[in-house]
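K.L.:
Put together the whole structure using the sequences plus the hints.
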Amino acid sequence: MTGRRLSAFIDALAAGRRPKSFPADPEDAAIVRMAIELRAARPGDANPDEQFVSDLFETLSGQLSPPVVPGRVKTHRGRIAIAAIAASVALVGGTIAVTEAVNQPAPTTSALPAPHGKALRTATFENADDRVMGQIVVYNGHPSWVYMNVAASTYNGPVLCMLRGNDGSVVAVGGFVLRHGSGAFSKTIRVNVGQLRGARLVTPAGTVLASAHFA
Amino acid sequence: MFPAPQPSLRPVSRYPASSDGNGADLRVVSADVYANWESVYRDNVGRLYRLMYSRVGNRSDAEDLTSEVFRTALGPLRLAASKGEVQSYLLVTARTVLASHWRRHLGLPVTSIDPLSDLAALADPTGPDEPSDAPQRTRKILAALPDRYRRILELRFLEACSIREAARAMDVSVGNAKVLQHRALRMAAKAAEEMEQ
Numbered sequence: 001m002t003g004r005r006l007s008a009f010i011d012a013l014a015a016g017r018r019p020k021s022f023p024a025d026p027e028d029a030a031i032v033r034m035a036i037e038l039r040a041a042r043p044g045d046a047n048p049d050e051q052f053v054s055d056l057f058e059t060l061s062g063q064l065s066p067p068v069v070p071g072r073v074k075t076h077r078g079r080i081a082i083a084a085i086a087a088s089v090a091l092v093g094g095t096i097a098v099t100e101a102v103n104q105p106a107p108t109t110s111a112l113p114a115p116h117g118k119a120l121r122t123a124t125f126e127n128a129d130d131r132v133m134g135q136i137v138v139y140n141g142h143p144s145w146v147y148m149n150v151a152a153s154t155y156n157g158p159v160l161c162m163l164r165g166n167d168g169s170v171v172a173v174g175g176f177v178l179r180h181g182s183g184a185f186s187k188t189i190r191v192n193v194g195q196l197r198g199a200r201l202v203t204p205a206g207t208v209l210a211s212a213h214f215a
Numbered sequence: 216m217f218p219a220p221q222p223s224l225r226p227v228s229r230y231p232a233s234s235d236g237n238g239a240d241l242r243v244v245s246a247d248v249y250a251n252w253e254s255v256y257r258d259n260v261g262r263l264y265r266l267m268y269s270r271v272g273n274r275s276d277a278e279d280l281t282s283e284v285f286r287t288a289l290g291p292l293r294l295a296a297s298k299g300e301v302q303s304y305l306l307v308t309a310r311t312v313l314a315s316h317w318r319r320h321l322g323l324p325v326t327s328i329d330p331l332s333d334l335a336a337l338a339d340p341t342g343p344d345e346p347s348d349a350p351q352r353t354r355k356i357l358a359a360l361p362d363r364y365r366r367i368l369e370l371r372f373l374e375a376c377s378i379r380e381a382a383r384a385m386d387v388s389v390g391n392a393k394v395l396q397h398r399a400l401r402m403a404a405k406a407a408e409e410m411e412q
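Order-wise, the sequence lines are chains A and B.
Going by the working numbering, the first sequence opens with residue 1, and the numbers climb by one from there.
Going by the working numbering, the second sequence opens with residue 216, and the numbers climb by one from there.
What the hints contain is simulated information worked out from the structure, not anything from laboratory work.
Some hints could be false.
What the hints assert, rightly or not - Derived, one-sided and incomplete: chain B residues facing chain A with beta-carbon distance under 8 Å:
id, residue
1, R286
2, A295
3, S388
4, G390
Note that the Cβ used here is the ideal one computed from N, Cα and C, for glycine as well.
P.N.:
Written out as structure tokens, the structure is:
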């Protein structure tokens with residue numbers, strides 16, 4: 001069955017159609033990867049359609065609206081959930097802060113160097129298997145603020161974001177709830193953005209769901 | 216879902232236009248920053264699309280993913296950031312969007328975006344049509360295959376032949392052409408893996 005679905009996926013790719021989803025194993029993935037590479041090498045197909053570029057611009061232009069203050073937890077239920085995490089993380093936070101100094105993970109390739117200045121810093125959240133799960137963006141300004149989103153998690157439920165400083169300090173900046181593996185959060189922060197080393201997303205049980213390292 | 220800060224439409228810097236105090240503002244924009252949201256879009260949409268196309272191999276998905284990158288990035292984007300920072304941010308967003316795409320569609324990461332090498336391609340002011348050395352690499356992979364395997368892949372993926380047309384060109388049945396294609400892809404995938412080691 002998977003063989004037929006893999007074959008249909010490859011046929012769709014070769015024909016330039018949108019392929020249908022199927023649960024792939026690693027060998028299937030390697031074959032699909034090869035087919036994509038070959039298909040992408042076909043001359044003349046790699047540039048965007050002008051109509052697409054123009055339509056997307058119109059759509060995005062319609063989304064522009066007056067600035068909104070970074071969000072907070074809006075529901076009572078949400079506040080309770082986040083408070084619960086904050087309490088549980090407070091218990092493990094000390095441990096994290098203490099172990100940071102002696103057990104600092106080496107920076108990974110999850111961070112992108114900010115080539116010009118420190119107005120905006122960004123990094124990718126990855127789990128323990130190095131899978132990309134989301135991203136974090138911090139802006140230096142008045143006020144500074146942080147934005148993060150997770151779009152590829154298998155975990156559902158509340159998470160707390162911990163920012164980590166270069167000196168090993170850990171600050172909980174807030175939490176949000178992942179639903180269907182996705183969620184986003186933004187908030188103003190009072191930290192020196194240039195002194196941040198990374199961030200972690202922590203579950204109520206204290207498990208580190210994902211980490212991000214700023215360049 | 217929490218509302219994200221919306222893009223700042225304020226000028227990057229404001230100075231009095233004159234000393235007469237008439238309140239007129241002069242917009243000062245460094246060459247290293249984007250003047251407005253449209254310039255962010257125009258400067259990056261083609262490159263991001265090509266990057267996505269090279270990772271998914273079909274126009275429909277590449278368009279959807281490019282759209283998702285801009286929709287996701289639009290909210291938190293502040294124009295005061297430098298071009299390099301904005302492009303880094305777009306690339307991180309693209310990386311997340313692509314990872315989510317594969318998780319939804321095949322359940323595991325088939326292709327990914329490499330932060331360093333892809334940022335170099337995205338930030339290249341000459342705006343290369345090809346985001347990498349892909350054609351050269353493809354030629355090397357194909358060259359490593361037996362003739363019949365190479366030919367079926369060329370016919371199907373580079374010369375846009377249907378499986379029936381490819382079978383006819385190679386004088387085999389459609390069923391044989393499918394088997395040949397599958398084996399050729401598997402061998403090519405191994406060749407690609409060996410090239411990376």
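K.L.:
Find the hints from earlier in the document that the structure breaks and name them by number, from lowest to highest.
P.N.:
Hints 3, 4 are the ones this structure does not satisfy, whereas the remaining hints hold.
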